[in-house]
Amino acid sequence: MNSRRRQAVERGTGGPPLRDGDHTGGPAGGRSRETAGGLAVVAGDAIAPPPRPEPPPWSAPAPATTRAARRGDERAPLGFVPLAAVAVAFLTLPLVALLVRAPWGSLPGDLTAPGVLAALRLSLICSVGALGLSLLFGVPLAWLLARVPFRGRNLVRALVLLPMVLPPVVGGVALLLAFGRNGIAGQWLDSLAGVTLPFTTLGAMLAETFVAMPFLVITVEAGIRAMDRRYEDAAATLGAGRWRTFRLVTLPLIAPALAAGGALCWARALGEFGATITFAGNLPGSTQTMPLAVYLALQNNPDAAITLSLVMLAISLAVLVGLRSHWFPSR
Amino acid sequence: MTRPTGRRSLAAVGTLLAALALVVCACGANADAGGERSRELSVFAAASLTDAFTQLGDRFTAAHPGVTVTFNFAGSNDLVTQLRQGAPADVLATADTRSMEVAGDLVDEPLAFAGNKLAVAVAPGNPEGIGGLADLARADLKVVLAAPEVPAGKYAEEALAKAGVSVAPVSLEVSVKGVVTKVSLGEADAGVVYVTDVAAAGEKLDGIAIADDHNVLATYPLAALVANAHPDDARAFIDFVLSPEGQQVLADHGFLPAP
Amino acid sequence: MSLEAAVGLRKGTLDLDVRLEVRSSGVVVLLGPNAAGKTTLLRALAGLVPLERGRVTLDDAVLEDTTAGVRTPTERRPIGVVFQDYLLFPHMTVLENVAFGLRARGTGRALARARALEMLERVGLSDRASAKPRALSGGQAQRVALARALATDPRLLLLDEPLSAMDAGARAELRRGLSRHLAAFPGTCLVITHDPIEAMTLGDQLVVLEAGRVVQAGTPEELSSRPRSRYVADLLGLNLYHGRADERSIVLTGGRRLIAADPVPASGEVFAVIPPRAVALHRVLPEGSPRNVWKGVVEDLDVVGNHVRAHVSGELPIIAEVTPGAVASMRLDDGGPVFVAVKAVEVEVYEA
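These protein sequence lines map, in sequence, to chains R, A and C.
Under this note's numbering, read the first sequence as residues 1 to 331, first letter to last.
Under this note's numbering, read the second sequence as residues 1001 to 1259, first letter to last.
Under this note's numbering, read the third sequence as residues 2001 to 2352, first letter to last.
Treat the hints as calculated values from the structure; they're not laboratory data.
Just so it is clear, CB atoms sit at the ideal spot from N, CA and C, and this is done for glycine as well.
Do not take every clue at face value.
Here are the in silico distance ranges between beta carbons for each label pair [stated by the list, open to error]:
1. R:Pro82 / C:Ala2165: 56 to 62 angstroms
2. C:Leu2014 / R:Phe137: 37 to 43 angstroms
3. R:Gly194 / A:Gly1086: 47 to 53 angstroms
To spell it out: a stretch of chain R is covered by chain A in this simulated footprint if at least three of its residues, at any positions, have a beta carbon under 8 angstroms from a beta carbon of chain A; those stretches are [what the hints assert, rightly or not]:
4. 204-216
5. 273-287
Build the full structure now, drawing on both the sequences and the hints.
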C-alpha cells in the first residue's frame, strides 16, 4: 500500500486523496510502524484536522541553486561571455571613435552653420510624422494580421514586410514608379487632386514611412498575438463594444510592444537616406534631412559631417534611454 | 509573428547561404581561370567615367594578357575620401582638378586626359520646349541640379551665374546620376548634367546645348597612386588612356579632348 | 427571469448538445468531468462561442436563434461572468475594474464609481478600491470579480469554477459568502464546479454533463440518493452498480448478483447504489442477516474527516466506511483477505 497514505493514516493527518488509477502495490505486510502506538492512541477519538501541518512532501521547496538562478545569478553557457564582449566592442567602438575624433573645437561653428538647424528640424518632423502614419495605419494592419485568418494572410504579411529587406534606394525608385509624377497612382493624384509627392516634405515623410512601418507592424503583431485574449472576452461580457475594448483593454495590454515597435520605427525613419533622396530629392529646408546633410557635408567638410553625426547620435540616445523602461520593464 | 515553418525557413536560409558561398567560390575560381595568376590593376574613377572607362578597361585587358583592370566608380569626393582613409588603388581619375588637388601627395604628377562640358537634359522630344539655360528659370518647370558640394553641381552654379539665370531647383541631387534619373523618370522636367551623361542615357534623354560662353569646361585629370602595387601596369594604363585609341573611346562617349 | 437554452455546437473533439431550463432566480450547478463541455456551454450562453444549432432565450428575450438567424453579440447580453482566473484588468484599479461594466453601458463617471464602491462594500473590499489586482489575494480577487460581474445588474450570472483557485482554508468561507450573494441575486445563475460540497450547497438544481450530453439533472437530494453516472457516484463517494433486475436480485454486468430488499422495486435496467457506511468489513465470515457477502482485499485506505474509507477489490469492488478503531483492531492495512457484508435493505435500486 502507498506508504505515504499509510503514514498519514497512522499519524491521523489528512493524506493525499485517492485518484483514479491510483493503485497500491501488493500486500504491504511486514513494514514496521514508525510511530509508536500510532492509531491506538487516537482510536475512538475524533481526529481533528491538524492546524497547519508541515507542507506535504510533494511541494518541497526548490533547492538553493535553482532559487539563486531565478534571482539572476545565471551562469552563462560556456563561451557566451567572450562572444558577447566582442559584440559590445564591435557595436560601440565606432560610436566611441566618433566621440574621440570629434572636432570639439569647431563644434559651435559647425552646429550653427546655415542649414543644420533646418536639417534637424526636418528630420524630426519627418520621422515623427512617419511614426504617426505608421501608428495610424500600421496598428490596424497588425491587428488584422494577428487576429483575422483571412485568405492570403501569409502572403500579405510577407509583402508588407518586404520594405524591410529591400535596399532603400530600390524602395525609393519603386515609390517613384508608384507615386511619382508618372507613377501608377501618382498620375491620378496629380491630375485629380493636383497633389505631387516627389520633392516635397510630405514625400520625404512618406519615403521614411515606407521603410519604417514594417518594423512597427511586425512588433505590434507579435504583441497582439502574445496577449491573453480572454481579457477581451471579459470586457465583452461587461458590455464593452469592439472599439471600447480595443481602447481600454487591448491597447494597455500591448503597450510594451507598441512602445518598442514605435521606437524601432522612429529610429529607422530618422536614419533613412536612400529612399528619401531617391523619392523626395534633396533641398535644404524642405527635403534635406540630417542623413542627407551629413552625406553632403562629408564631400567637402568631414569635420562638419562628424559634428552632425554626433547630433543625431545624441538625439537617438536620448530617445532610447527615455524609453528604456518600456524596452526593459522592471518586474 | 508566428513561425509555424521554423524548420523549413531555417532550411531555406541554409540553402541560400550555401548557394551564396558557392557563387563566391566560383567567382574566386574564375579569377584564376586564366591559368597563370593575372595581376589586378585597381582603378578609382569618377562616376561620369563609368561607361567610357569600362570599355577602356576591357580593351586594355584584351591587349595586355596577365593584367585585369577592376574599377571603383563613385563621386570624385568619395573616391578621394576612401583613398585618404587608406583604400588600396593604383590609378585615380577624377571629374575635376579640385578633387585631384585634395588627393595631393597621394598621387604622382596628374595629367589631363579628357574634358567635359554641361548640357541641359530634358525628356525625349523636349515636350516643354526648353531652349537653353534661360528657360530653366520658368516657374512652371521642375528643375533638378546636382548639389554644389559635388563637381557637376558646382559647374552648374557657375554656368547659371555666367548666364545670369536664377533657378529654384526642386532638388539638389548628391550625384549627377541622380539628376539623370530624375529627368529620365519624368519626375523633373529638366536638369543640368554633363554632355557625356546625355550620350550615355541614349534614348531616355535629349540634350539641349549650352552656349560656350556660358558653359563650363571640366578638366578630367588622371594620376597613378604613389603607393601603388603595379607601377608598370599603372603607367601602361595611363598611356593607353592618353593614346589615340583611348582618346577615341572617350570621344565616342561624348568626352571632349583635354583642355 | 428564466433561461431556456438549447445549445448545439462542435468544438474540436467536443460535440455539445444540451437542453437547459432554469426557472427565475434559480441557481443551476453544472458538473462533469474535464472536457465535458461545461466551459464551452458557459461561453456559448455568454455569446463568446456561436451556436451551430439551437436557441437561447432569457426572460423571453431571444439572445440567439440559429433557425431565425438571430444573434445578440456578447456585449449586448444582460450577463455577468466570473471567469476561472477572474481576469481582472491588470492595468486598472479595483474600483475601475468594478466600474468598467457600468461605464461601458453608458453610466457617467462619477455615478459609475459610486455604484462600484457600493458593490465593493457589499463584498467587503471597499478599502481596497485603489489597489491594483496584482496586490490582491486570491480570495479578494474572487470577490472583486464577483462585484464586477454584479455591478451591471445582469439577469444571467455565469460563474466558471469560482472557487477552484482557492486553497482549502479560504475556500469554505468564500463559499459561504458566494452562497449568500447568489441567494440574494434576483436573476438566474449558472455555476460550474468540480467540488461536491459546492455543488450540494450552492445549487438548487444540478446538471451533470459528460462528453457534451446531459447525463443527469435534478436536485442535490435526487442526485445524492439516485446517482446515474460513475462521475456523480465518485463525486459523492457512493458505490454505484449497473445491472438488470430480476425477481429477487440484480444481476450486475460481470455476472455477480446483488440481493436487494424483497421484492425488487424496479425492473429492467437498473442502478444499485450502496452508501459506504452500509458496508461492513469482517476478518472472518460473518453470521447472521447480511445477504450480500463476498471476499475481497483491502487495496487502499483514505482518511476523510474522522472516518476511513477502505477501497476493497475482489469479486465486486466496493468502498467501505470504517472507523480508525476498526482499522486498527482488524489490522486492515496488512493486505490480507477480508469479507464484505452488505444488508439487502441497504441496497437502493432504481431504474436506469
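Now the hints, each set against the structure:
{"no.": "1", "hint": "R:Pro82 / C:Ala2165: 56 to 62 angstroms", "in the structure": "violated, 46 angstroms"}
{"no.": "2", "hint": "C:Leu2014 / R:Phe137: 37 to 43 angstroms", "in the structure": "holds, 40 angstroms"}
{"no.": "3", "hint": "R:Gly194 / A:Gly1086: 47 to 53 angstroms", "in the structure": "holds, 52 angstroms"}
{"no.": "4", "hint": "204-216", "in the structure": "violated (count 0)"}
{"no.": "5", "hint": "273-287", "in the structure": "holds (count 8)"}
When held up to the earlier numbered hints, the structure conflicts with 1, 4 and fits the remainder.
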